[in-house]
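*Asks:* Just need the whole structure built from these sequences, with the hints factored in.
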Amino acid sequence: MRMMSGILNTLRERPKDVLRRVNPSVLLLVGLWIFLGIFATRFFTLGNHMNLLRQASILILAACAQTLAVLGGGLNIAVGAVATLASVIAATAAVQFGTLAGFGVALFSILLLGASTGFVIAWFRVDPIIATIGLLPIARGLAFLISNGQPVTGTPSTYRFLGNFFIGPVPVSILFAILAAVLLSLFLNRTIWGRKLYACGLDEEAARVSGIQVRLYRMMTYTLSIVLAAVAGILLSSRINSGQATLGYEMSLESIAAVVIGGNKLFSGEGKVSKTILGAFIITMLSNGMDMVHVSAYVRQILLGSIVILLVLLASRKKRSAGCAN
Amino acid sequence: MNIKKWPLLHELKAASGSFGLLIGLCILLSVLDPRFLKPDNLLNVLRIASITVLAVYGQALVLISGKIDLSMGSTAGIVSIALALCMLRFPIFPSILIALLLGAFIGFVNGLLIFRYRLPAFIITFGMLTALDGAGNLITNNAPIELISVKGFGVFGGGFLGPIPIPLIIAVVSFLVLRFLTVHTVFGRTLYAVGSNETAAFLSGRNVRRTGILAYVLAGLLVGVTSVVMSSRIYSGLSSIAPNLAFDAIAAAALGGVGLLGGKGNLIQATVGAVTISVLLNGLNLLNVTTYVQMITGGLVIVFAVLLNNLQEYGLKALTGVDLKKIRFFRKGNPGCEE
Numbered sequence: 001m002r003m004m005s006g007i008l009n010t011l012r013e014r015p016k017d018v019l020r021r022v023n024p025s026v027l028l029l030v031g032l033w034i035f036l037g038i039f040a041t042r043f044f045t046l047g048n049h050m051n052l053l054r055q056a057s058i059l060i061l062a063a064c065a066q067t068l069a070v071l072g073g074g075l076n077i078a079v080g081a082v083a084t085l086a087s088v089i090a091a092t093a094a095v096q097f098g099t100l101a102g103f104g105v106a107l108f109s110i111l112l113l114g115a116s117t118g119f120v121i122a123w124f125r126v127d128p129i130i131a132t133i134g135l136l137p138i139a140r141g142l143a144f145l146i147s148n149g150q151p152v153t154g155t156p157s158t159y160r161f162l163g164n165f166f167i168g169p170v171p172v173s174i175l176f177a178i179l180a181a182v183l184l185s186l187f188l189n190r191t192i193w194g195r196k197l198y199a200c201g202l203d204e205e206a207a208r209v210s211g212i213q214v215r216l217y218r219m220m221t222y223t224l225s226i227v228l229a230a231v232a233g234i235l236l237s238s239r240i241n242s243g244q245a246t247l248g249y250e251m252s253l254e255s256i257a258a259v260v261i262g263g264n265k266l267f268s269g270e271g272k273v274s275k276t277i278l279g280a281f282i283i284t285m286l287s288n289g290m291d292m293v294h295v296s297a298y299v300r301q302i303l304l305g306s307i308v309i310l311l312v313l314l315a316s317r318k319k320r321s322a323g324c325a326n
Numbered sequence: 001m002n003i004k005k006w007p008l009l010h011e012l013k014a015a016s017g018s019f020g021l022l023i024g025l026c027i028l029l030s031v032l033d034p035r036f037l038k039p040d041n042l043l044n045v046l047r048i049a050s051i052t053v054l055a056v057y058g059q060a061l062v063l064i065s066g067k068i069d070l071s072m073g074s075t076a077g078i079v080s081i082a083l084a085l086c087m088l089r090f091p092i093f094p095s096i097l098i099a100l101l102l103g104a105f106i107g108f109v110n111g112l113l114i115f116r117y118r119l120p121a122f123i124i125t126f127g128m129l130t131a132l133d134g135a136g137n138l139i140t141n142n143a144p145i146e147l148i149s150v151k152g153f154g155v156f157g158g159g160f161l162g163p164i165p166i167p168l169i170i171a172v173v174s175f176l177v178l179r180f181l182t183v184h185t186v187f188g189r190t191l192y193a194v195g196s197n198e199t200a201a202f203l204s205g206r207n208v209r210r211t212g213i214l215a216y217v218l219a220g221l222l223v224g225v226t227s228v229v230m231s232s233r234i235y236s237g238l239s240s241i242a243p244n245l246a247f248d249a250i251a252a253a254a255l256g257g258v259g260l261l262g263g264k265g266n267l268i269q270a271t272v273g274a275v276t277i278s279v280l281l282n283g284l285n286l287l288n289v290t291t292y293v294q295m296i297t298g299g300l301v302i303v304f305a306v307l308l309n310n311l312q313e314y315g316l317k318a319l320t321g322v323d324l325k326k327i328r329f330f331r332k333g334n335p336g337c338e339e
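As they're listed, the protein sequences go chains A and B. Numbering-wise (my numbering), the first sequence opens with residue 1 and increments by one. Numbering-wise (my numbering), the second sequence opens with residue 1 and increments by one.
Hints listed in this document are in silico derivations from the structure and should not be mistaken for laboratory results. A portion of the hints provided could be inaccurate.
So, partial list: chain A residues that the calculated Cβ filter (under 7 Å) puts toward chain B [stated by the list, open to error]: (1) 124; (2) 131; (3) 140; (4) 145; (5) 295; (6) 298; (7) 305.
Away from chain B, derived, C-beta distances all over 10 Å, residues of chain A [claimed, not checked]: (8) 31; (9) 38; (10) 133; (11) 186; (12) 196; (13) 209; (14) 267; (15) 301.
Computed from a prediction, not measured in an experiment: that's the story for all the values here. We put the beta carbon where it would ideally sit given N, CA and C, even for glycine.
*Replies:* Encoded structure:
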């Protein structure tokens with residue numbers, strides 16, 4: 001009943017007012033979709049849309065990882081490097097012990113890495129951004145060390161399942177990513193742990209005074225963030241059917257871009273998984289569009305960097321108040 | 001003697017901890033591998049240190065202002081390419097001037113976005129890192145531009161003035177200039193004020209914006225100098241000349257005790273940090289450790305340097321919530337035997 005009246009109210013409003021209430025990122029997504037449909041041939045096909053979903057699924061997971069770090073009031077600069085490390089570990093272990101064991105080994109070892117990073121962040125008050133800046137070369141070096149700089153191939157045939165198979169026309173990877181995102185969202189919004197996690201990110205002192213073990217939750221936030229980055233890495237690895245130490249570094253920046261473009265505020269402890277997913281779709285659609293018009297990888301790198309700077313610039317112009325610094 | 005009246009003594013005192021670490025590391029390495037103490041090797045360490053130290057100074061200035069510069073690696077790359085492209089057409093000195101100006105300009109853009117438009121430094125410089133890396137690769141297709149044909153260019157990296165390597169002279173001159181700037185000028189004092197508390201600095205009428213932008217311009221310029229010296233050493237322009245420069249510089253600054261959250265640290269600490277990193281990497285080289293492990297070491301150094309710094313600042317009790325005095329082992333005297 002309430003929903004009905006809500007819809008009726010919306011219909012009664014002027015279109016301008018409706019537009020103002022809608023999340024601008026939704027408009028951007030729809031606008032981009034129409035734009036690409038008009039200007040890029042082959043964009044409006046079912047196959048391309050399924051491909052789009054497959055591409056988006058990896059970024060959704062990485063961006064969820066980034067969202068967690070943003071909820072903790074920091075950033076995770078090492079999302080891409082951790083994903084790469086996970087892909088290398090998973091592929092290496094899968095060659096030896098089979099697919100499931102490979103995924104398990106990768107998740108477990110990254111869990112240890114993430115927990116120790118989280119521990120350092122929470123207990124020794126190392127700034128999360130600086131801790132992940134340190135984690136980046138560590139993960140990168142480990143990935144190169146394990147794979148010796150070569151692509152890890154020879155994985156079992158089941159390894160490709162997660163990243164490459166379809167149920168009907170729908171790719172498995174997007175179902176997996178959405179499932180993970182929904183679980184994360186439920187965890188954050190419907191469990192006491194999730195609410196406490198939010199509380200710690202919003203105001204650490206208030207959380208402490210109200211009896212939340214802030215350190216534990218800070219540790220959990222960043223551990224989870226790093227583990228989710230590893231899940232993204234495993235999906236990537238399954239998609240390309242190998243582990244490569246040279247792949248996936250731009251994922252850190254893409255995930256930050258996705259979080260920002262979806263409408264989340266950085267350094268505020270606020271954020272929603274749904275907005276992040278929206279952002280991930282926008283970024284994926286952009287890069288898909290660039291694929292369509294054959295933009296080279298280097299130019300895409302330039303564009304990605306510029307887009308992030310531009311995005312942050314636009315986002316800050318809206319809320320910037322005149323006067324004092326900060 | 002009043003230590004406050006002698007900034008140099010004050011700075012030396014602040015750097016003493018990390019200097020002790022450096023000495024300890026040197027002793028450890030000379031025990032592990034006697035080759036470490038050979039004059040050739042020490043000269044080599046010194047030469048490498050005098051190149052990286054410039055980038056560390058740049059990073060230190062930015063860190064003192066409370067920000068960070070992650071874009072150094074690709075800035076160095078693009079400066080190197082610009083230098084090579086100019087050098088194939090123009091004489092040496094105008095080319096170097098153009099290259100340095102480009103470095104300063106990139107720093108200016110960073111500074112403008114961060115201090116004028118108040119954007120988060122991590123994201124801006126990270127975006128810049130990616131964008132410039134792409135640009136560098138696009139121009140050269142990731143292949144080096146050979147500069148063997150340019151006569152006399154190798155002087156900057158490999159030349160000597162008497163017995164002293166040219167890079168060392170460049171490093172010493174930059175140290176003297178930058179130390180004067182940070183300690184004895186309004187810019188320097190404002191830089192520390194901005195780093196400690198930007199709002200307070202603004203409210204007390206300091207020109208936060210100009211100071212911050214200048215810090216980034218200086219950082220860009222210093223990365224430019226580093227890049228020129230590095231290019232001169234390998235006689236070519238390369239987009240991936242120092243891909244991890246920013247991370248190495250942060251590690252060195254952290255190791256020297258420059259605070260990563262602003263307002264703390266001085267150039268002597270930065271120097272000690274840079275030398276320590278060079279010694280560490282040289283030691284790892286001598287012990288036949290691969291570059292991959294060196295990368296990992298760099299990351300670990302960042303985390304542990306900050307961790308130790310925090311320990312020093314807050315104390316173990318405040319950090320871990322464990323009151324060591326309650327643990328029997330640490331209590332002075334044996335509580336069981338008290339009368």
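*Asks:* Looking back at the numbered hints, which does the structure fail to meet, lowest number first?
*Replies:* 5, 10, 14, 15
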